[in-house]
Amino acid sequence: MIKAAVTVLVLCAVLSCSDDTAVMAELDRAEAVMEEYPDSALALLDTLDRSCLVTREARARHALLYSQALDKNYIDLSTDSIISPAVKYYKKHGSPDYRLMTQYYLGRIYQNAGDNESAMRCFVQAERYVPECSDAGMAARLYTAMTAIYYSVYQFEKALTASVNAADYYLSDADTNQYADKMITAANISLLLKDTVKIHEYLSKVRPIFQNISDEEKGYYFGEYLASLPKNSVRLN
Numbered sequence: 039m040i041k042a043a044v045t046v047l048v049l050c051a052v053l054s055c056s057d058d059t060a061v062m063a064e065l066d067r068a069e070a071v072m073e074e075y076p077d078s079a080l081a082l083l084d085t086l087d088r089s090c091l092v093t094r095e096a097r098a099r100h101a102l103l104y105s106q107a108l109d110k111n112y113i114d115l116s117t118d119s120i121i122s123p124a125v126k127y128y129k130k131h132g133s134p135d136y137r138l139m140t141q142y143y144l145g146r147i148y149q150n151a152g153d154n155e156s157a158m159r160c161f162v163q164a165e166r167y168v169p170e171c172s173d174a175g176m177a178a179r180l181y182t183a184m185t186a187i188y189y190s191v192y193q194f195e196k197a198l199t200a201s202v203n204a205a206d207y208y209l210s211d212a213d214t215n216q217y218a219d220k221m222i223t224a225a226n227i228s229l230l231l232k233d234t235v236k237i238h239e240y241l242s243k244v245r246p247i248f249q250n251i252s253d254e255e256k257g258y259y260f261g262e263y264l265a266s267l268p269k270n271s272v273r274l275n
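Numbering (the numbering used here), first residue to last: 39 to 275.
Source of the hints: derived by calculation from the structure; they are not laboratory data.
Where is the CB? At the ideal position from N, CA and C, for every residue including glycine.
Where hints are given, some of them may not hold.
EDC-like, lysine to aspartate or glutamate: derived pairs with alpha carbons at most 16 angstroms apart [said to hold, decoys possible]:
no., residue 1, residue 2
1, 110, 69
2, 243, 213
3, 130, 95
4, 110, 73
5, 129, 95
6, 236, 195
7, 196, 155
8, 126, 95
9, 129, 114
10, 196, 165
11, 243, 206
12, 110, 77
13, 232, 195
14, 196, 233
15, 129, 165
Pair ranges (Cβ atoms, derived) [claimed, not checked]:
no., residue 1, residue 2, range
16, 77, 238, 38 to 44 angstroms
17, 87, 254, 38 to 44 angstroms
18, 77, 117, 21 to 27 angstroms
19, 191, 245, 28 to 34 angstroms
20, 266, 119, 42 to 48 angstroms
21, 215, 238, 17 to 23 angstroms
22, 59, 215, 19 to 25 angstroms
23, 112, 265, 26 to 32 angstroms
24, 170, 70, 37 to 43 angstroms
All chains should be modelled from the sequences, with the hints used to inform the complete structure.
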């Protein structure tokens, strides 16, 4: 089925370069399959003739979607050459969703290059658009990225807030497994902060959905739960 989807998308990429509506329709198709079939989205974007991108908006949107597709296919960029048209265009134009996405993926590029300071500047800029953004999953990924950087520089209070925000947005996006993961991460950070009340608060939020999460997350949950217990309360027979 996936191969068939790729074939259909590639066949649809034969466009008249004078028809901007057709170009945008192809970008719509790539965006529509991005989450479930990122490889298909990348195939379509690769096949689309760049000379057909005659407007600034088309070039910007293609640059953004292409950067997103590479990231989702675990192809890490460390320069902003591809996303640059999107950065320039969405600085003053476009929806809050596209503006957030642009800053997020620009931040991811800086992360790949090991420049966490520049990455965080992009993420903070992206966060400004969260209240107006309609894509809860995108907001969740933003806060997940922020959690990682705050955690790496030992800013645990900020990492905790970002992780809880990520969990809330994953829940809004109906992603139960990621919601559990971020709540367990919040419990882990609370353990570092020696806040027993918050540890159990966050772990308690996972229990009602415990049967619906992956075995990996269940193991993560039990690891944090055991770590939170007083040492003399764990006995081996």
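Hint by hint, here is what the structure shows:
1. 110 x 69: Within the cut-off at roughly 12 angstroms; holds.
2. 243 x 213: Holds, at roughly 14 angstroms.
3. 130 x 95: 11 angstroms, holds
4. 110 x 73: Satisfied, since the Cα-Cα distance of roughly 8 angstroms is no more than 16 angstroms.
5. 129 x 95: 12 angstroms, holds
6. 236 x 195: The hint holds at about 12 angstroms.
7. 196 x 155: 15 angstroms, holds
8. 126 x 95: It holds: about 10 angstroms lies between the C-alpha atoms, which stays within 16 angstroms.
9. 129 x 114: Roughly 23 angstroms separates the two Cα atoms, so the pair is violated.
10. 196 x 165: 14 angstroms, holds
11. 243 x 206: OK: residue 243 and residue 206 at ~11 angstroms, within 16 angstroms.
12. 110 x 77: Holds. Residue 110 to residue 77 sits at ~8 angstroms (cutoff 16 angstroms).
13. 232 x 195: Holds. Residue 232 to residue 195 sits at ~12 angstroms (cutoff 16 angstroms).
14. 196 x 233: Roughly 15 angstroms separates the two Cα atoms, so the pair holds.
15. 129 x 165: 14 angstroms, holds
16. 77 x 238: 38 to 44 angstroms: Since the Cβ atoms of residue 77 and residue 238 sit about 41 angstroms apart, the hinted range of 38 to 44 angstroms holds.
17. 87 x 254: 38 to 44 angstroms: 42 angstroms, holds
18. 77 x 117: 21 to 27 angstroms: Holds: the Cβ-Cβ distance is about 23 angstroms, inside 21 to 27 angstroms.
19. 191 x 245: 28 to 34 angstroms: 31 angstroms, holds
20. 266 x 119: 42 to 48 angstroms: At roughly 46 angstroms between Cβ atoms, residue 119 and residue 266 fall inside 42 to 48 angstroms, so the hint holds.
21. 215 x 238: 17 to 23 angstroms: 21 angstroms, holds
22. 59 x 215: 19 to 25 angstroms: 38 angstroms, violated
23. 112 x 265: 26 to 32 angstroms: Once the Cβ atoms are compared, 30 angstroms apart, the range 26 to 32 angstroms for residue 265 and residue 112 holds.
24. 170 x 70: 37 to 43 angstroms: Violated, since residue 170 and residue 70 (Cβ atoms, about 22 angstroms apart) do not stay within the stated range.
In terms of the numbered hints stated before, the structure departs from hints 9, 22 and 24, listed from lowest to highest.
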